[in-house]
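Protein chains in written order, with numbering that gives the first Met the number 0: chain A, 0 to 330; chain B, 0 to 406.
Calculated from the structure, these hints are not laboratory results.
Just so you know, these numbers come straight off a predicted model, no measurement behind them.
The beta-carbon is built from N, C-alpha and C at its ideal position, and this holds for glycine as well.
Don't take each hint at face value.
Stated by the list, open to error - Straight-line alpha carbon distances no greater than 25 angstroms define the calculated DMTMM-like cross-link-like pairs of lysine to aspartate or glutamate that follow:
1. A:124 <-> A:214
2. A:173 <-> A:162
3. B:148 <-> B:351
4. A:173 <-> A:73
5. B:348 <-> A:266
6. B:148 <-> B:325
7. A:236 <-> A:212
8. B:348 <-> A:290
9. B:139 <-> B:325
10. B:349 <-> B:325
11. B:199 <-> A:22
12. B:199 <-> B:274
13. B:199 <-> A:27
14. B:349 <-> A:290
15. B:139 <-> B:351
Stated by the list, open to error - Which residues of chain A face chain B? A partial, calculated answer using Cβ under 10 angstroms:
16. 30
17. 34
18. 38
19. 40
20. 44
21. 47
22. 112
23. 125
24. 140
25. 153
26. 159
27. 221
28. 259
29. 281
30. 320
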Amino acid sequence: MTLAAAEAPLTPRTRTPRLVHDEPSRADRNFNRITMAAGLSVLLLLTLVGFFLMWQSRSAISETGPWQFLTRIEWRTDVQPARIGVAGLLTGTVMVALVAVSIAIPFGVLAALAITEYASARLRKYLIGTVDLLAAVPSLLFGIWGFLFLSGYVVPVSQWLTDNLGWIPIFHTKPGASLTGSIFIAGIVVSLMVLPIITAIVREVFSQTPPGEKEAALALGGTRWGMIRTVVLPYGKGGIVGGSMLGLGRALGETIAVALLLPNVPEISREILPNGGATVSGFIANRAGADAFTTSGLLAAGLVLFVITLATNMVASVVVSRSRSGVGVEI
Amino acid sequence: MTTTSDALVDLTHDDDQAGSSSAFGDVTGGARRPTGSSRTPRRPREFTSADGWTLVGSIISAVCLNWLVFYRFSGGAGWFGVLLCAYATFLAIFAVVTIDRLGRLVAVDRVVTVIVISAGIVVMVPLVLLIGYILVQGLKALRLTFFVKDQTGITPVLPATAGGGAHAVVGTIEQVGLALLWSLPLGLAAAVFLNESRSKWRRPIRIFVDAMSGLPSIVAGLFIFAVLIIPFGHSGGLFGFNGFMASLALALVMLPTITRTVEVVLRLVPDGLREASLAMGASRARTVWSVVFPTARTGMTTAVVLGIARAVGETAPLLFTAFGYDLMNSNPFSGAQESLPLFVYRNVKKPDLSAIARGFSGALVLMLLVLVLFAIARYIGSDRSKRRNARRSRARTTTAIAGESAT
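Required output: the full structure, derived from the provided sequences and hints.
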């Protein structure tokens with residue numbers, strides 16, 4: 000204060016007050032522009048993917064007709080005009096994904112519960128590490144393991160299921176049918192690949208349960224299960240649904256493992272245990288390097304897969320972020 | 000969170016408020032317990048030796064019962080059926096015994112505990128089997144020559160140890176390296192956009208990045224194939240099948256992974272640091288570069304390493320881009336190129352056994368590569384101060400460790 004008072008007589012000039020303005024500086028404007036461009040480029044890339052798949056697949060689609068392409072089961076390029084369609088492939092894709100998800104959801108939720116509510120600090124660390132590692136193992140290794148090792152152990156299980164539960168339509172097989180290379184086996188292998196995703200999201204959601212509510216349940220005399228049933232599970236419902244849908248999205252796109260396991264013959268069958276079936280992605284991988292027309296058809300099939308997985312994933316991430324528990328959850 | 004669980008709760012063996020059934024479970028089950036004279040308070044999570052013996056006894060009796068039923072009295076069943084029945088019997092016996100000892104409320108809790116923990120163990124089993132299987136199969140034919148030779152002159156009659164996968168290793172390194180070069184700057188910038196800018200586009204773009212991380216990797220390969228290879232790649236060259244195209248497809252796979260994980264790490268940087276920097280007059284760009292990035296460095300490195308680990312194992316995008324090649328091609332910009340996953344995939348699909356064995360050596364190398372990358376990521380990711388504390392506390396008493404791990 001004194002300083003200013005002393006200065007005042009020395010500088011009699013009128014001080015124009017500097018304007019404090021909200022406008023970003025030039026560096027900031029460039030920064031905003033560059034990061035914005037990077038963000039938008041993701042959007043652009045996704046649009047380009049859809050556009051170019053459509054553009055390059057036009058010859059196949061125009062020859063078969065878009066509606067026939069979506070509804071035809073068989074895939075024959077040896078006749079004129081070619082009879083190709085994705086209905087059989089889509090059925091296989093959805094069935095493998097459903098088998099995978101129905102195995103992975105219970106184990107994923109239970110593993111998430113074990114991690115968040117039951118494990119000691121040390122065991123928790125190991126469990127999280129295991130699940131993360133499961134996510135890091137390449138799909139290819141799961142594929143050859145399932146193809147050459149697991150398959151031999153699953154065939155007796157399939158046999159047992161069809162012998163004892165054959166009256167349930169999906170477990171029915173014709174007598175003497177081969178049980179290797181089935182949708183069931185592919186589903187089991189794919190379930191191992193979606194398990195980490197489901198576990199990670201459900202765990203994240205469970206760990207955000209408000210401690211106060213949990214403590215209140217325990218203080219009222221509830222057992223641990225009582226607490227989980229009345230607090231943790233209702234709180235994490237949105238996360239479980241969203242996580243399962245994301246798992247479904249991943250399962251729909253699983254490629255190499257399925258390409259190795261299934262015979263890649265498009266068909267529509269209600270039975271999951273006998274040999275047979277194909278998925279869109281596995282079929283595409285299997286036909287890599289084919290002639291131009293087949294490739295065009297494969298691109299069309301890829302476009303269908305792209306649209307379906309994109310829709311599933313977007314719905315899932317909206318479900319997770321809209322639920323009470325999933326606001327800050329990372330996917 | 001676990002603080003209250005250890006509080007003493009008066010869960011007496013004979014429940015004298017038996018009529019009141021709470022929302023947490025039906026407690027009337029305890030009503031028929033003989034009214035004991037001593038009401039000893041129990042900790043809800045107490046695990047006495049009697050509980051342990053109940054568990055062991057239930058397991059033994061379930062196994063014996065199933066052995067009797069399936070292997071003595073009937074013709075037997077597949078291992079799966081026996082296992083499933085044995086587990087169900089074990090749960091039933093355990094439930095009955097616990098109901099008799101401690102009442103229904105406790106029994107339900109205990110049975111659920113057993114189910115949850117056994118599910119946690121079951122999740123670990125396939126991973127152990129997978130790693131063990133690849134290790135055993137891969138070591139059969141893996142020799143050091145794998146890293147120096149390619150598949151020159153390999154015929155189906157040669158043993159599995161002949162030749163090697165040097166060309167695949169070189170291809171993988173080049174493709175993933177180039178992919179990192181394309182995806183890292185873009186991924187970092189996108190992560191900064193999602194976390195540091197105040198744009199209204201953040202929310203839709205976050206949803207799109209999410210959706211892109213679920214993009215089937217084969218579609219990434221198909222996209223590059225459709226955009227560059229079909230129109231321009233007739234005569235080979237830069238836009239033919241080569242490692243460069245593969246790196247573009249891999250970059251498309253890595254981009255969302257890097258963006259999301261880096262964004263999560265950036266979010267952990269305290270806002271106070273940003274505000275301090277801005278208040279000193281630094282621009283936003285300067286703040287990000289000099290304050291946010293250095294603070295988040297370890298986490299960002301982890302994110303990048305995990306992104307690499309994911310890209311290293313991708314096969315599907317390479318089928319339509321690198322295509323695969325049996326000989327050494329160290330120029331990623333011209334000519335089809337091999338990579339480790341392609342080497343494994345192509346060999347395992349061949350009919351002869353020595354090719355399959357060669358595929359397994361490649362698989363082992365690939366698995367070890369992924370495991371090493373994973374270990375590096377976890378080591379960097381574990382907070383440095385925590386690491387030091389853990390080392391120090393190991394020298395201290397056990398109580399100190401307990402205190403440390405609780406924080």
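>> Taking the earlier hints as the rules, which of them does this structure contradict?
In response: When the structure is compared with the hints, none of them turns out to be violated.
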